[in-house]
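S.K.: Fit chain B to the given chain A structure using the hints.
There are 2 protein chains.
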Amino acid sequence: MTEFIPPGTRFVDLPSPFPTRRDGALQGARIAYETWGTLDADAGNALLIVTGLSPDAHAAANEADPSPGWWEAMIGPGKPIDTDRWFVVCVNTLGSCKGSTGPASINPSTGDLYRLDFPPLSIEDCADAAAHVVRALGIAQLACIVGNSMGGMVALAFLLRHPGLARNHINISGAARALPFSIAIRSLQREAIRLDPNWNNGRYDDSTYPESGMRMARKLGVITYRSALEWDGRFGRVRLDSDRQDGDPFGLEFEVESYLEAHARRFVRRFDPNCYLYLSRAMDWFDIGDCCDDPRTDTRSALASIRLDKALVIGVHTDILFPLQQQEEVAEGLSAGGVDARFLPLESPQGHDAFLVDIERFGPAVRSFLDALEPVRDGAARIRA
Amino acid sequence: MTEFIPPGTRFVDLPSPFPTRRDGALQGARIAYETWGTLDADAGNALLIVTGLSPDAHAAANEADPSPGWWEAMIGPGKPIDTDRWFVVCVNTLGSCKGSTGPASINPSTGDLYRLDFPPLSIEDCADAAAHVVRALGIAQLACIVGNSMGGMVALAFLLRHPGLARNHINISGAARALPFSIAIRSLQREAIRLDPNWNNGRYDDSTYPESGMRMARKLGVITYRSALEWDGRFGRVRLDSDRQDGDPFGLEFEVESYLEAHARRFVRRFDPNCYLYLSRAMDWFDIGDCCDDPRTDTRSALASIRLDKALVIGVHTDILFPLQQQEEVAEGLSAGGVDARFLPLESPQGHDAFLVDIERFGPAVRSFLDALEPVRDGAARIRA
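Heads up: the protein sequence lines correspond to chains A and B, in order. For what it's worth, my numbering labels the leading residue of the first sequence as 14, then goes sequentially. For what it's worth, my numbering labels the leading residue of the second sequence as 14, then goes sequentially.
Just so you know, these hints were derived from the structure itself, not from any lab. Every value quoted in this text rests on a predicted model; they were computed, and no experiment measured them. Glycine residues also receive a C-beta, built at the ideal position from the N, C-alpha and C atoms. Some clues are possibly wrong.
Pair ranges (Cβ atoms, derived) [said to hold, decoys possible]:
| hint | chain 1 | residue 1 | chain 2 | residue 2 | range |
| --- | --- | --- | --- | --- | --- |
| 1 | A | R355 | B | G350 | 41 to 51 angstroms |
| 2 | A | D254 | B | P388 | 47 to 57 angstroms |
| 3 | B | D384 | A | S314 | 46 to 56 angstroms |
| 4 | A | V251 | B | G350 | 25 to 35 angstroms |
Only chain A is shown next, with the shape it has when bound in the complex (with noise of 0.2 angstroms):
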């Protein structure tokens, strides 16, 4: 299977051996990652990004790769996380198939892919993978670390896990641990995934891609990802034009149909299957009340632990896979343990992808939070205890 890996992606050698929070170990793993912006002589202007399930580290446009990113409305001169200020670094998550080293990649142990032999993967390793790519890039303290979705999880094992290492943080459309309708639906997807012949165990290539397995999973990602008010509106009851209905007699009909079949499409086959399992089941272990080694540590007291200066925990209403109580428990929680935290519930109507396209309610959000924050220098690079 092949890797997708963006043309401007720079990489980040992993210790080696990374061991892995599961019992495993990595050897000569290397995590991507993309810049933007300039870093200042004291290393204190220095936001990082952690992403979703599936986005590369190509979060905007930039002299490396001038095509548009994932986040491009967020990210440059100007816009809400202005790289006029701020040195900007996404990673592409250890786990995935984008440049970070995963499943997908060579096992040097074996000298083939790793498959089903990768070790099992937690949010907590690829929490340790990101906080390693921070103090390679010589940063002792980030000013912000900004995580959406499976991100948001990722950040808040980084900030329990490396205390110090980040000043604040923007939480948006994550959670502190997974529930169990998101853990249905994420079952679910990889029981797609394994019930297609092609996967195979795991032991697919290019030419036996498990395809329908990935189409079905991508098609109620999507269905999650939205939500029914935006979709009365934007395809209410609208049907194809007949000559875009393929004759069979189950086959497309509705314009919602086809949108989700032109969103499988498009992820298919760009997207590693085993990949896919491994970080879904991620996000299905993450409860930030374990990331510690005492038992008696549960959510809330996790949260209250973490040292921040300030925290904007942003959820939507419409979001159905991480609802917006899961982001207020994370502003309570953080509140509990002294940092001004801020929770933000926005109208959006788009559900748990809105970050990635209600840019309008988002940005001036993102905008004023960051705006507000002071650099780290180097007198300051230990916050408030």
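M.R.: Below, chain B alone, put in the same frame as chain A:
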């Protein structure tokens, strides 16, 4: 494929040919039904129940079949639908595999199963077939028609196409039209079935039943029939004991996954996949505004043209498949036409399927509505025009 006919089932033959709405016709078709209570001499105490996609006509225990039915807590002597007072009829929908004619029935013109030769099925056809049963039982006017879920659609089509055949109506978690979120879910369920190689364009048998596809479809159904809120309390992040995990690296691990698996196992091989496809698509096609032949009729004006005395329209806040706004739309549309219609939103945590389990809330609502109804008398056999 076997049909699954409860032992107490009785049958009414439909007129032959029975014309279907989308340019088809059925020969020698029949509808399965069961009854409870005793029909008055003037047939004034009749109540019809039309069901969701999958139930059979065995809604509750009766003399012919003392096993518990799918709405056992709601129907019986002294229960909310009190069979000491009402003569209750429940029909298995046209297109099902539980006794009524459907794609799993014998096509008399070939002697083989209909399979995909069954004519395109619409909610209006289901309504027309139910109306025929009512008349065949000697009932000139139902005191009430009760429709749940898909049955809420069937009931509205029944009322519009057979004016005067029912005097009052309870619509539970129903809708006047399919909207894109539910269309997307059903489209994906159908795709799961159609992608199963065993489906084989509808030409499976017991030894090649498309079990994987049906399991996926059912799991997705159950996810959308219940609610995240219920599951947070019921399952949380509880894991299966290690001896209940199957050792598969991506196998069942959380209680919620085991729950879905158990639901799926109870469903597959108990429902015919082709019947599922036909009924699922019939729901997508449904818009009460299309029930009339006048293309100028929209959803609201169609609802406002329905003549009834009283209606009770119940929905629940946590329903993501038939969201509460859809029940509000039904109640408002009926009211606009002069019906004494009450919209009753309930706080049930169980989502779309709450009517099956939250008898504590649904029971009193149904009981008080029915208790206040006058029986239909001969002289009152036509509703207010």
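S.K.: Against each hint, give a clear statement of whether it holds in the structure.
M.R.: Cross-check of the supplied hints:
1. Distance hint check: the CB atoms of R355/A and G350/B are about 48 angstroms apart, consistent with the given range 41 to 51 angstroms.
2. D254/A and P388/B have their C-beta atoms about 52 angstroms apart, which keeps the hinted 47 to 57 angstroms range intact.
3. Remark: the range hint 46 to 56 angstroms for D384/B to S314/A is upheld by a beta-carbon distance near 52 angstroms.
4. Distance hint for V251/A and G350/B: a CB-CB separation of about 26 angstroms, consistent with the stated range 25 to 35 angstroms.
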